[in-house]
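Novice: Chain by chain, the residues:
Number of protein chains: 2
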Amino acid sequence: MGRLTHVAIFTWKPETTEAQRAALCDGLAALPGLIPAIRSYRFGADAGLVVGNDQFAVVADFDDAEAYWRYAADPRHVDVVERLLKPMLRTRHAIQFTPSEDGVGASEP
Amino acid sequence: MGRLTHVAIFTWKPETTEAQRAALCDGLAALPGLIPAIRSYRFGADAGLVVGNDQFAVVADFDDAEAYWRYAADPRHVDVVERLLKPMLRTRHAIQFTPSEDGVGASEP
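These protein sequence lines are chains C and P, in that order. Add 1452 to a position in the first sequence, counting from 1, and you land on the number used in the working numbering. Add 1452 to a position in the second sequence, counting from 1, and you land on the number used in the working numbering.
Read the hints as simulated data drawn from the structure, not as lab findings. Here the structure is a predicted model, which means the values were calculated and not measured. Each residue gets a CB set at the ideal place from its N, CA and C atoms; glycine is no exception. Among the hints, erroneous ones may be present.
What follows is a set of in silico ranges between Cβ atoms, one per label pair, in the way DEER data are often shown [to be verified]:
| hint | chain 1 | residue 1 | chain 2 | residue 2 | range |
| --- | --- | --- | --- | --- | --- |
| 1 | C | GLU1470 | P | ARG1535 | 39 to 47 Å |
| 2 | C | PRO1527 | P | VAL1533 | 20 to 28 Å |
| 3 | C | SER1492 | P | ARG1522 | 22 to 30 Å |
| 4 | P | ALA1482 | C | ARG1522 | 21 to 29 Å |
| 5 | C | ALA1474 | P | ARG1535 | 26 to 34 Å |
| 6 | P | GLN1472 | C | ARG1535 | 37 to 45 Å |
| 7 | P | TRP1521 | C | ARG1522 | 33 to 41 Å |
| 8 | C | ARG1528 | P | GLY1500 | 21 to 29 Å |
| 9 | P | ARG1522 | C | GLU1467 | 34 to 42 Å |
| 10 | P | GLY1500 | C | ARG1522 | 32 to 40 Å |
For the chain C half of the interface with chain P, some residues (derived, Cβ under 10 Å), not all of them [to be verified]:
| hint | residue |
| --- | --- |
| 11 | LEU1456 |
| 12 | VAL1459 |
| 13 | THR1463 |
| 14 | LYS1465 |
| 15 | THR1469 |
| 16 | LEU1480 |
| 17 | PRO1488 |
| 18 | ALA1489 |
| 19 | GLY1504 |
| 20 | ASP1506 |
| 21 | TRP1521 |
| 22 | ALA1525 |
| 23 | PRO1527 |
| 24 | LEU1536 |
| 25 | PRO1539 |
Kindly produce the complete structure, drawing on both the sequences and the hints.
Specialist: Here is the structure:
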């Protein structure tokens, strides 16, 4: 588990197609193999359990803030964002935090 | 790692105090010891790396949707939400998803 967790939650434009969603998932799935700064990378579409949820999330772990910036600036990541994600994007909410260790202690800014 | 990941991202009311933030973190930190359905539980305040971020996140892993519901309905969790979180709450964005395995395969709804 990295020492910095990045979380982003998205909603998509109504006209977003299944092909666009699939292409985004394929693009994201390739990133951990391309960007060594990524310690852990998970993403997925909302499971539909709760009404009012957003639609998609990415949870990524990094060793530190510098590693997060390497990921954010990596051209392979930027390409997925610009070419595959942004055309679908309606809303995005994100945060990077130093995670509590499974309930042992909490992170304060 | 559980098979269902719950992510929630929050912003707080401007009048929220440091004491309220600390009480919320203490309340959340106790939950993994009280609710066996929780497989992994991480939370924290935004690290301040990126302008425009939200302010706080919780990332929790469960074995399945049924375990997520046990957590959501557990009175110790409901108490933290009602007594500590809601008085601070401005916005909340959440999702539950079956995570991709670190880039190997993607989750589709």
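Novice: Each of the hints needs a verdict: does it hold here or not?
Specialist: Going through the hints against the structure:
| no. | hint | in the structure |
| --- | --- | --- |
| 1 | C:GLU1470 to P:ARG1535: 39 to 47 Å | 42 Å, holds |
| 2 | C:PRO1527 to P:VAL1533: 20 to 28 Å | 41 Å, violated |
| 3 | C:SER1492 to P:ARG1522: 22 to 30 Å | 25 Å, holds |
| 4 | P:ALA1482 to C:ARG1522: 21 to 29 Å | 35 Å, violated |
| 5 | C:ALA1474 to P:ARG1535: 26 to 34 Å | 43 Å, violated |
| 6 | P:GLN1472 to C:ARG1535: 37 to 45 Å | 42 Å, holds |
| 7 | P:TRP1521 to C:ARG1522: 33 to 41 Å | 38 Å, holds |
| 8 | C:ARG1528 to P:GLY1500: 21 to 29 Å | 26 Å, holds |
| 9 | P:ARG1522 to C:GLU1467: 34 to 42 Å | 37 Å, holds |
| 10 | P:GLY1500 to C:ARG1522: 32 to 40 Å | 18 Å, violated |
| 11 | LEU1456 | 7 Å, holds |
| 12 | VAL1459 | 5 Å, holds |
| 13 | THR1463 | 9 Å, holds |
| 14 | LYS1465 | 16 Å, violated |
| 15 | THR1469 | 13 Å, violated |
| 16 | LEU1480 | 7 Å, holds |
| 17 | PRO1488 | 13 Å, violated |
| 18 | ALA1489 | 13 Å, violated |
| 19 | GLY1504 | 8 Å, holds |
| 20 | ASP1506 | 5 Å, holds |
| 21 | TRP1521 | 8 Å, holds |
| 22 | ALA1525 | 12 Å, violated |
| 23 | PRO1527 | 17 Å, violated |
| 24 | LEU1536 | 12 Å, violated |
| 25 | PRO1539 | 18 Å, violated |
Hints 2, 4, 5, 10, 14, 15, 17, 18, 22, 23, 24 and 25 from the list above are not met by this structure, while the remaining hints are.
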